[in-house]
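Enquirer: Each chain is listed here by its residues.
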Amino acid sequence: MKRDLISIEDLSEKHLRDYLELGRRVDDMSPEACRQILAGKILGVLFYEPSTRTRLSFEAAMLRMGGQVIGFSEALNTSVAKGESLADTIHTVEQYCDAIVIRHPREGAARLAAEVSRVPVINAGDGANQHPTQTLLDLYTLQNLFARIDGLRVSLVGDLKYSRTVHSLFHALSKFKDVRFTFVSPETLKMPEYVIEAIEGAKVDVKETTSLEEAIADSDVVYMTRIQRERFPDPIEYEKVKDTYRLDCAALRNAPEHLKVLHPLPRVNEIATEVDATRHAAYFPQAGYGMIMRQGILAHLLGAKI
Amino acid sequence: MSPEQILLIPKIENGFVLDHIPAGSGVKILNLIRGHHELNAAVLSVGLHYTSRRLGRKDLIKIQCGELPQRFLQHLSLVVPGVTIKRVENFAIARKIVLEPPELVDNLLSCPNPGCITNHERGVTTCFHLVRREPMKFRCNHCERWFALAELENRLKL
Numbered sequence: 518m519k520r521d522l523i524s525i526e527d528l529s530e531k532h533l534r535d536y537l538e539l540g541r542r543v544d545d546m547s548p549e550a551c552r553q554i555l556a557g558k559i560l561g562v563l564f565y566e567p568s569t570r571t572r573l574s575f576e577a578a579m580l581r582m583g584g585q586v587i588g589f590s591e592a593l594n595t596s597v598a599k600g601e602s603l604a605d606t607i608h609t610v611e612q613y614c615d616a617i618v619i620r621h622p623r624e625g626a627a628r629l630a631a632e633v634s635r636v637p638v639i640n641a642g643d644g645a646n647q648h649p650t651q652t653l654l655d656l657y658t659l660q661n662l663f664a665r666i667d668g669l670r671v672s673l674v675g676d677l678k679y680s681r682t683v684h685s686l687f688h689a690l691s692k693f694k695d696v697r698f699t700f701v702s703p704e705t706l707k708m709p710e711y712v713i714e715a716i717e718g719a720k721v722d723v724k725e726t727t728s729l730e731e732a733i734a735d736s737d738v739v740y741m742t743r744i745q746r747e748r749f750p751d752p753i754e755y756e757k758v759k760d761t762y763r764l765d766c767a768a769l770r771n772a773p774e775h776l777k778v779l780h781p782l783p784r785v786n787e788i789a790t791e792v793d794a795t796r797h798a799a800y801f802p803q804a805g806y807g808m809i810m811r812q813g814i815l816a817h818l819l820g821a822k823i
Numbered sequence: 711m712s713p714e715q716i717l718l719i720p721k722i723e724n725g726f727v728l729d730h731i732p733a734g735s736g737v738k739i740l741n742l743i744r745g746h747h748e749l750n751a752a753v754l755s756v757g758l759h760y761t762s763r764r765l766g767r768k769d770l771i772k773i774q775c776g777e778l779p780q781r782f783l784q785h786l787s788l789v790v791p792g793v794t795i796k797r798v799e800n801f802a803i804a805r806k807i808v809l810e811p812p813e814l815v816d817n818l819l820s821c822p823n824p825g826c827i828t829n830h831e832r833g834v835t836t837c838f839h840l841v842r843r844e845p846m847k848f849r850c851n852h853c854e855r856w857f858a859l860a861e862l863e864n865r866l867k868l
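Line by line, the protein sequences are chains G and B. Sequential numbering of the first sequence, starting at 518, is according to this note's numbering. Sequential numbering of the second sequence, starting at 711, is according to this note's numbering.
Only chain G is shown next, with the shape it has when bound in the complex (with noise of 0.2 Å):
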């Protein structure tokens, strides 16, 4: 049966270990038994809006595993602008290569890439939706530093509201034992309802504050990330807000020796550069671990044995 990866909702807790255990093995094997691993596969990329990071880590992945990979990394300049659905983009792709990845504006277009498609799809982001990716590489990231996820305590900072990721990240974690969550975030910006009630059934410890110091203090992990200025319908809205979270050193000085931080960046103010040489600053090594979660993820979806 065909796999795919679309959203964190549809993993249980086992499978969310299940695929760390799949990033352990990959980062465990040869540069050159990894080459073999998908020799002869090609990966469609399919990317309807820009991308840095997700799209040259997949490309990377890929060619790591001895694969290769076609796409494109904007829809102006492909038979989208012409009108083509997406339904008949994906017909069309998948009789070129074994697996798609797609990043897409609307919500819940790589579900509908995935219901049409005969070969894999993994979802790279899907408007404001889901980034299942990004979420499997923050897991991963807290299981290569804490070696455990299970009782973490974890701040998520920022934009709460409109940020994808922290909601995918605050559903996952709460699959987990015992995570216990911070949310820091100002006013207009809190995490919404309707994220918190569809976890409703699990046992999740949260509290709510202003205050990032505050938070820091009791934290194993503090998880930043950047206000994005194309969420917000009101550009006034956004100059209240963009600056409210600015870490720095100074901030971090009441840090526990061991607090870890993780951007999913691109970071704009909110993590100042300075923290880059602490030993807190974890976000560069956590753009490596994703690499390294989406070769297992291609790995798997493609039916690869590692």
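In short, the hints are calculated from the structure, not lab data. It is possible that part of the hints are untrue.
[Claimed, not checked] Sample of chain G residues facing chain B (criterion: CB under 8 Å; computed from the structure):
no., residue
1, Leu629
2, Pro750
3, Pro752
[Stated by the list, open to error] Once the Cα atoms are required to be at most 27 Å apart in a straight line, the calculated BS3-like pairs of lysine-lysine come out as:
no., chain 1, residue 1, chain 2, residue 2
4, B, Lys847, G, Lys692
5, B, Lys867, B, Lys721
6, G, Lys720, G, Lys707
7, B, Lys847, G, Lys720
8, B, Lys721, B, Lys806
9, B, Lys847, G, Lys678
10, B, Lys721, B, Lys738
11, G, Lys678, G, Lys757
12, G, Lys757, G, Lys519
13, G, Lys694, G, Lys707
14, B, Lys738, B, Lys867
15, G, Lys678, G, Lys759
16, G, Lys724, G, Lys759
17, B, Lys847, G, Lys707
18, G, Lys724, B, Lys847
Every residue, glycine too, gets a C-beta built ideally from N, C-alpha and C.
Here the structure of chain G is known, so what remains is to put chain B in place on it, guided by the hints.
Expert: Just chain B now, kept in the frame of chain G:
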């Protein structure tokens, strides 16, 4: 039903009685009937704001027709869940069902989320799942957003 109420709304020989409609929702059902062309020729009797032991006040609609279309019943279960439907044959009630909200809503609605791909792609079928009963919430299978019943009743695909 008391004798006074029988005078207000006549018995029907064959057809259906939609009963236990919360007061005010009868009009929604009339609009729904209007949207289903198979029922355009049916004779309707409408009673509004009757006293009801269970609901306090209720509406009631009688439809004289051979069958109620399946799609109409599915839409009705979304617009006013909990309605009692009585099948009338030769002036007597032959059977009775209470219309429960559907667990799966297969291509009966368009998604209220303007950013959902199903509102931008030609010929896409939508799918919603009942994810909570109290208060009732449905989840779009594509954009994954949750919606209350009130947000969905104007989104029927007729």
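Enquirer: So which hints don't hold here, by number, going up?
Expert: Violated hints: 2, 3, 5 and 12; rest satisfied.
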